[in-house]
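Number of protein chains: 4
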Amino acid sequence: MVFNKLKKRTINETADELGFGTKYADDSSRIINKDGTFNINKIGSTYHLYHDLIQMSWRRFFILIFLFYLGLNIFFAFLYLGIGAENIAEAKTDSFLGKFSAAFFLSAQTLSTVGFGFYRPIGNGANLLASFEALFGLLCFALATGLLYGRFSKPEGGIIFSKNALITPFKSGFPSLQFRIANGHDNSLIELEAKIIFTILENHDGIVKRGFYRLNLESNEIYFLSMNWTLVHNINEESPMFGISKDELIEKKAEILVLIKSFNESFSQVVHSRTSYSATEFLWGQKFVLPYTFDEKMKTIFDLKRLSETTPI
Amino acid sequence: MVFNKLKKRTINETADELGFGTKYADDSSRIINKDGTFNINKIGSTYHLYHDLIQMSWRRFFILIFLFYLGLNIFFAFLYLGIGAENIAEAKTDSFLGKFSAAFFLSAQTLSTVGFGFYRPIGNGANLLASFEALFGLLCFALATGLLYGRFSKPEGGIIFSKNALITPFKSGFPSLQFRIANGHDNSLIELEAKIIFTILENHDGIVKRGFYRLNLESNEIYFLSMNWTLVHNINEESPMFGISKDELIEKKAEILVLIKSFNESFSQVVHSRTSYSATEFLWGQKFVLPYTFDEKMKTIFDLKRLSETTPI
Amino acid sequence: MVFNKLKKRTINETADELGFGTKYADDSSRIINKDGTFNINKIGSTYHLYHDLIQMSWRRFFILIFLFYLGLNIFFAFLYLGIGAENIAEAKTDSFLGKFSAAFFLSAQTLSTVGFGFYRPIGNGANLLASFEALFGLLCFALATGLLYGRFSKPEGGIIFSKNALITPFKSGFPSLQFRIANGHDNSLIELEAKIIFTILENHDGIVKRGFYRLNLESNEIYFLSMNWTLVHNINEESPMFGISKDELIEKKAEILVLIKSFNESFSQVVHSRTSYSATEFLWGQKFVLPYTFDEKMKTIFDLKRLSETTPI
Amino acid sequence: MVFNKLKKRTINETADELGFGTKYADDSSRIINKDGTFNINKIGSTYHLYHDLIQMSWRRFFILIFLFYLGLNIFFAFLYLGIGAENIAEAKTDSFLGKFSAAFFLSAQTLSTVGFGFYRPIGNGANLLASFEALFGLLCFALATGLLYGRFSKPEGGIIFSKNALITPFKSGFPSLQFRIANGHDNSLIELEAKIIFTILENHDGIVKRGFYRLNLESNEIYFLSMNWTLVHNINEESPMFGISKDELIEKKAEILVLIKSFNESFSQVVHSRTSYSATEFLWGQKFVLPYTFDEKMKTIFDLKRLSETTPI
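Chains as they are written, first to last, in this note's numbering: chain A, 1 to 313; chain B, 1001 to 1313; chain C, 2001 to 2313; chain D, 3001 to 3313.
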């Protein structure tokens, strides 16, 4: 890709390549949220239960399972009562609550396949119902098994980004845009690739549209994210950010979109991480401090909490 | 790939590259069906049970499991009766149905490992049978667990295609072929690539054969399918579709084959989607309408149901 | 890769690239077996239980599970007897066999978590043993669940190769080497790539060594294996097979190594298939017949059984 | 990559590409450990339970499961006692130990879903607790199932490296750096790629920093690791190792970083293997011996134990 021709490309080309669009006229909100999701509402899409069950919070997941188990047992309890409480051994009571609780416990002990045998079905109807409730229970727990493990073993990008992007002088004499990333987890991220896009509102014959430009990086791939990676874009004559003032960046709602691809070695999976820096998250006149120190044995100690730490130049 | 040399390539080259063939003489049916399957009958292929169990409808899957469980219990019931109904506790009846139902419920409660203990095996033969029925049951449910979760977590391409492909004037002055795709689900599709092939019947020295040609696209990959992606092929002098009239396209059974490759981020898997547009599904003199609107906060709202919506030029 | 320079490359280069070696002096056996495995004995490698359990035949797998379950129950039965038969409810017998069978059935009903409750542990020792036997049983079945499904859902290459490779005149005037492949299963194989290597014994200053050469193909990748794919290598002046007679090929133990990479869409996995044709499996003066016919509606019917069918020229 | 320009590149470029850094001033420890892990301490990273449970030793894993099961049963036992020992059938004792053991066994038989029925809950409170303990037990075993299989089926790189790297004369007249790798397991490793980096302490205007240089290989990829692969770097004028004496390599703490990428065919997964050779692990004046022999049928026998075997030149 010939980056020194970027400014001459039509806006649409980079936008198309990204799958965005240039529609964002006077859009006050950011394009990519800090957590990497896209700031778009979609209506009419198909609901996918699995996707929802995998993505929801653990708290909501366990409440759902609890309620599902409760509801299922209440449902089967009424089925047993429909066949007749006399078909449940030991449901020797006249009160509805007594009968219901016997039916409920029979159902729970069948669904979970515990089967103590105190409450047990009597006669063909109740026994048949219990036979198929056990089958149903096993299938439900099969699904829960998969979901629980699927959730538990889901790889997370694990990449954490520095809070701010710095615009700071670099060795070349030109200013440079810099931000840092690190692996927030203890597993191994390897073969990282980065794509950085600069977007800003532009006035085309009176119509305000968003322009999208790829930013050239000092290096756009590394083999291993053992400590931190500082991504550096030189704002020289070839850069689409060249000559744009601080006020202009903020006023025209400039935003840096960050797309990182990596291979999570622990999970053997490709993982994509995203974030963005809006112009209000740029810092001028600061530089990053070294995030690592050395112990008495000269072994490197890398401190994740210092990833975003800067100091005035 | 040098697209401006496409018309000079032999037909076989593109056809070979696709894995089709030029055999379709006077074939009235389409090559790729709307749902992406190939319109070919294959005989003699090896039946793969897993593949079938994963692909069948949920309805058929559950009926099969139900029947399998029922059949298995009937089978084991007869085995217990073969050993002797006197070896089943509480099977105190002279009627065959009574004995059979006791044996059936003993089997069901063993297979599902509920084991209430009312019906239970007596003696070495019945106990041994029950021991191995429980093992067998556990293995069956192991398989069902895997299948159920495999089905449930199966990634779907999720890509939906506009109903028609439009042939509509484009900014270049030439007409262009256009169609739109979007992600029908709420998960993330990224790193999309498209291959488009044009196929038409051709007369080679009196023999009618299908010709296959790759179509050049404005852009053939995007990073993220956040909203819709309009795929545009310019029908200029270099296009194999150049100068072919509407009637000719229909008469010669022209067809556009669409092959999309994407990465489903939610499932961490590469997914391939296919469809085709036959000439009868082309629209002339129409253009697509914008499928999104803005709410009061200028937030974009993308409406999937309007993906195929067109308006006269 | 510049194929017209192939003959000038040292033998080692292609051999190295493949990971073989040129050691096979006067080796009468083939390099790659028909089923794609390598004809090498390795000693000293680490045994990997999982790999073995996944690869063994279903018959052997089920016999192993059966024996493991049997052995485990016998082992636990002796543990219960060690604690004392009087600690097993209903083991009211003086014969060893009676006590053993009670202990065995208690173990089986605990391991499988059926727990009828007739045979049940009495006292702290037996109850404690039963508690941990149930834990152990659940872990064993957890492993069996995974293995069973892992085996069941294992993708198979599914590619079947024509029985022979033909050396047959081609349109170019030169002879060509041809063989055919097809998908033996009903699932979808896409994005296929082929690498073909020709190997033959050569005399280098009196030392007989194997030479390895890549063969150029008419097309070495296709998008979709919907029917059959005929792989064609032209034996022209640039081919390392050029000018070698039939007798020489057989005498010098020539062999064609075939390496196919594909993406199995049903399993979302990359699959590698291999085979080889030794010179004795080459056919001269034959050509392949079309493996498909058309039904009355002109729909293509592809017959896998005719993949290897040839006819004299 | 133009390797003959390597010496002219700034140190930072290769270092950046690797994700290391040039910080290692007078660092006495190696950069990559023999087992492929990086010699860096990281603090502040997020703990990931799944990752830990998958990586720990089998011994520790089983002790953890055992203790978790024990602890859980003790916890539930106290809950049952809290409801009242009179609500546990057969807990007919006045001693605390007797009541506790009844509650403990009830819990174990509920958690594992064995449910003999001798110890069983009486009344609504205990029955309700048992119902949800069974649910909880099933979810715990669901997780254990996944973890157990995840651990069991985890692909291991399986690549073993020769103990030493040799610096030995090669056919070109120049010395060469050589080491060997082989597949330590019986499964198939294919499509191997190697990256080799040379790092050494350098004096830049009085500041001692590490320089990083890629080393050119005779061939840096092979198709199949059937036997051994000897990786060879020629130390000619273009090599960054050219002209550096044995003493200098050791004194300046030279190290060879080895990064291997392969596809494990048995697990259908990409696997990365790493190791390093410090200068003290280089051998001079030795060459590798052939690691294979031939049996009486001229079949090749490859002996893994001889991978590191050398002989004086």
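In case anyone wonders, no lab produced these hints; they're calculated from the structure. Everything numeric in this text was worked out from a predicted model, so none of it was measured. There could be a bad hint or two in this list.
To be verified - Below 25 Å or equal to it, Euclidean Cα-Cα: the simulated SDA-like pairs (lysine to any residue) are: (1) B:1261 <-> C:2221; (2) C:2163 <-> C:2071; (3) C:2154 <-> B:1043; (4) B:1261 <-> C:2267; (5) B:1154 <-> A:184; (6) A:154 <-> B:1044; (7) D:3042 <-> A:147; (8) B:1042 <-> C:2285; (9) B:1154 <-> C:2190; (10) B:1287 <-> A:45; (11) A:261 <-> B:1267; (12) C:2092 <-> B:1125; (13) C:2261 <-> C:2241; (14) C:2154 <-> A:147; (15) B:1305 <-> A:49; (16) A:92 <-> D:3122; (17) C:2209 <-> D:3303; (18) A:42 <-> B:1043; (19) C:2261 <-> D:3039; (20) B:1305 <-> A:43; (21) A:261 <-> B:1268; (22) C:2042 <-> D:3039; (23) A:305 <-> D:3064; (24) C:2034 <-> C:2225; (25) A:92 <-> A:66; (26) B:1163 <-> A:143; (27) A:34 <-> B:1295; (28) C:2287 <-> B:1044; (29) A:195 <-> B:1163; (30) B:1305 <-> A:195; (31) B:1154 <-> C:2151; (32) D:3154 <-> A:184; (33) B:1154 <-> A:75; (34) A:209 <-> A:241; (35) C:2042 <-> D:3122; (36) C:2252 <-> D:3268; (37) C:2154 <-> B:1266.
Structure-based check of each hint:
About 16 Å separates the Cα atoms of residue 1261 of chain B and residue 2221 of chain C, which keeps this hinted pair within 25 Å; it holds. Distance check on the hinted pair: residue 2163 of chain C and residue 2071 of chain C sit about 45 Å apart at the alpha-carbon level, beyond 25 Å; violated. With a C-alpha separation of about 23 Å, the suggested pair residue 2154 of chain C and residue 1043 of chain B falls inside the 25 Å cut-off, and the hint holds. Restraint check: the Cα-Cα separation between residue 1261 of chain B and residue 2267 of chain C comes to about 15 Å, which is no more than 25 Å; the hinted pair holds.
Note on residue 1154 of chain B and residue 184 of chain A: the hinted pairing is violated, with a Cα-Cα distance of about 29 Å set against a maximum of 25 Å. Distance restraint check for residue 154 of chain A and residue 1044 of chain B: the Cα-Cα separation of roughly 40 Å exceeds the 25 Å cut-off, and the hinted pair is therefore not satisfied. Restraint check: the Cα-Cα separation between residue 3042 of chain D and residue 147 of chain A comes to about 32 Å, which exceeds 25 Å; the hinted pair is violated. About 28 Å separates the Cα atoms of residue 1042 of chain B and residue 2285 of chain C, which puts this hinted pair outside 25 Å; it is violated.
For the hint linking residue 1154 of chain B to residue 2190 of chain C, the alpha-carbon distance of about 18 Å falls within 25 Å, and the restraint holds. Using a Cα cut-off of 25 Å, the hinted pair residue 1287 of chain B and residue 45 of chain A holds, with the two alpha carbons roughly 23 Å apart. The suggested pairing of residue 261 of chain A with residue 1267 of chain B holds, with an alpha-carbon distance near 15 Å, which does not exceed 25 Å. Of the supplied pair hints, the one linking residue 2092 of chain C and residue 1125 of chain B holds, its CA atoms being roughly 18 Å apart against a limit of 25 Å.
With a CA separation close to 24 Å, the supplied pair residue 2261 of chain C and residue 2241 of chain C stays within the 25 Å bound. Our distance criterion of 25 Å between C-alpha atoms is met by residue 2154 of chain C and residue 147 of chain A, whose separation comes to about 21 Å. Between residue 1305 of chain B and residue 49 of chain A the alpha-carbon distance is near 20 Å, which keeps this suggested pair within the 25 Å criterion. Between residue 92 of chain A and residue 3122 of chain D, the direct Cα distance comes to roughly 14 Å. Compliance with the 25 Å bound is thereby established for this hinted pair.
As the CA atoms of residue 2209 of chain C and residue 3303 of chain D are separated by approximately 21 Å, the hinted pair is consistent with the 25 Å bound. Our distance criterion of 25 Å between C-alpha atoms is broken by residue 42 of chain A and residue 1043 of chain B, whose separation comes to about 43 Å. Note on residue 2261 of chain C and residue 3039 of chain D: the hinted pairing is violated, with a Cα-Cα distance of about 37 Å set against a maximum of 25 Å. For the hint linking residue 1305 of chain B to residue 43 of chain A, the alpha-carbon distance of about 8 Å falls within 25 Å, and the restraint holds.
Restraint check for residue 261 of chain A and residue 1268 of chain B: satisfied, since their Cα atoms lie roughly 12 Å apart, inside the 25 Å limit. At roughly 34 Å between alpha-carbon atoms, residue 2042 of chain C and residue 3039 of chain D are farther apart than 25 Å, so this suggested pair is violated. About 31 Å separates the Cα atoms of residue 305 of chain A and residue 3064 of chain D, which puts this hinted pair outside 25 Å; it is violated. Proximity of residue 2034 of chain C to residue 2225 of chain C is assessed by CA-CA distance (about 21 Å); at most 25 Å being required, the pair is judged to hold.
For a cut-off of 25 Å, the pair hint linking residue 92 of chain A to residue 66 of chain A is broken: about 29 Å separates their Cα positions. Straight-line distance between C-alpha atoms of residue 1163 of chain B and residue 143 of chain A comes to about 36 Å, which puts the hinted pair past the 25 Å bound. A threshold of 25 Å between alpha carbons decides the hint, and for residue 34 of chain A with residue 1295 of chain B the separation of about 22 Å falls inside it, so the pair holds. Between residue 2287 of chain C and residue 1044 of chain B the alpha-carbon distance is near 22 Å, which keeps this suggested pair within the 25 Å criterion.
Proposed proximity of residue 195 of chain A and residue 1163 of chain B is contradicted: the alpha carbons are some 34 Å apart, above 25 Å. At most 25 Å may separate the alpha-carbon atoms for a hinted pair to count; residue 1305 of chain B and residue 195 of chain A exceed this at roughly 32 Å. With a C-alpha separation of about 18 Å, the suggested pair residue 1154 of chain B and residue 2151 of chain C falls inside the 25 Å cut-off, and the hint holds. Among the hinted pairs, residue 3154 of chain D with residue 184 of chain A is consistent with the structure: their alpha-carbon atoms are about 23 Å apart, no more than 25 Å.
With a C-alpha separation of about 30 Å, the suggested pair residue 1154 of chain B and residue 75 of chain A falls outside the 25 Å cut-off, and the hint is violated. A distance of roughly 17 Å separates the Cα atoms of residue 209 of chain A and residue 241 of chain A; the hinted pair therefore holds under the 25 Å criterion. The straight-line distance between the Cα atoms of residue 2042 of chain C and residue 3122 of chain D is roughly 63 Å, outside the 25 Å bound, and the hint therefore fails. Simply put, residue 2252 of chain C and residue 3268 of chain D have alpha-carbon atoms about 36 Å apart, too far for the 25 Å limit, and the pair is violated.
Distance restraint check for residue 2154 of chain C and residue 1266 of chain B: the Cα-Cα separation of roughly 22 Å lies within the 25 Å cut-off, and the hinted pair is therefore satisfied.
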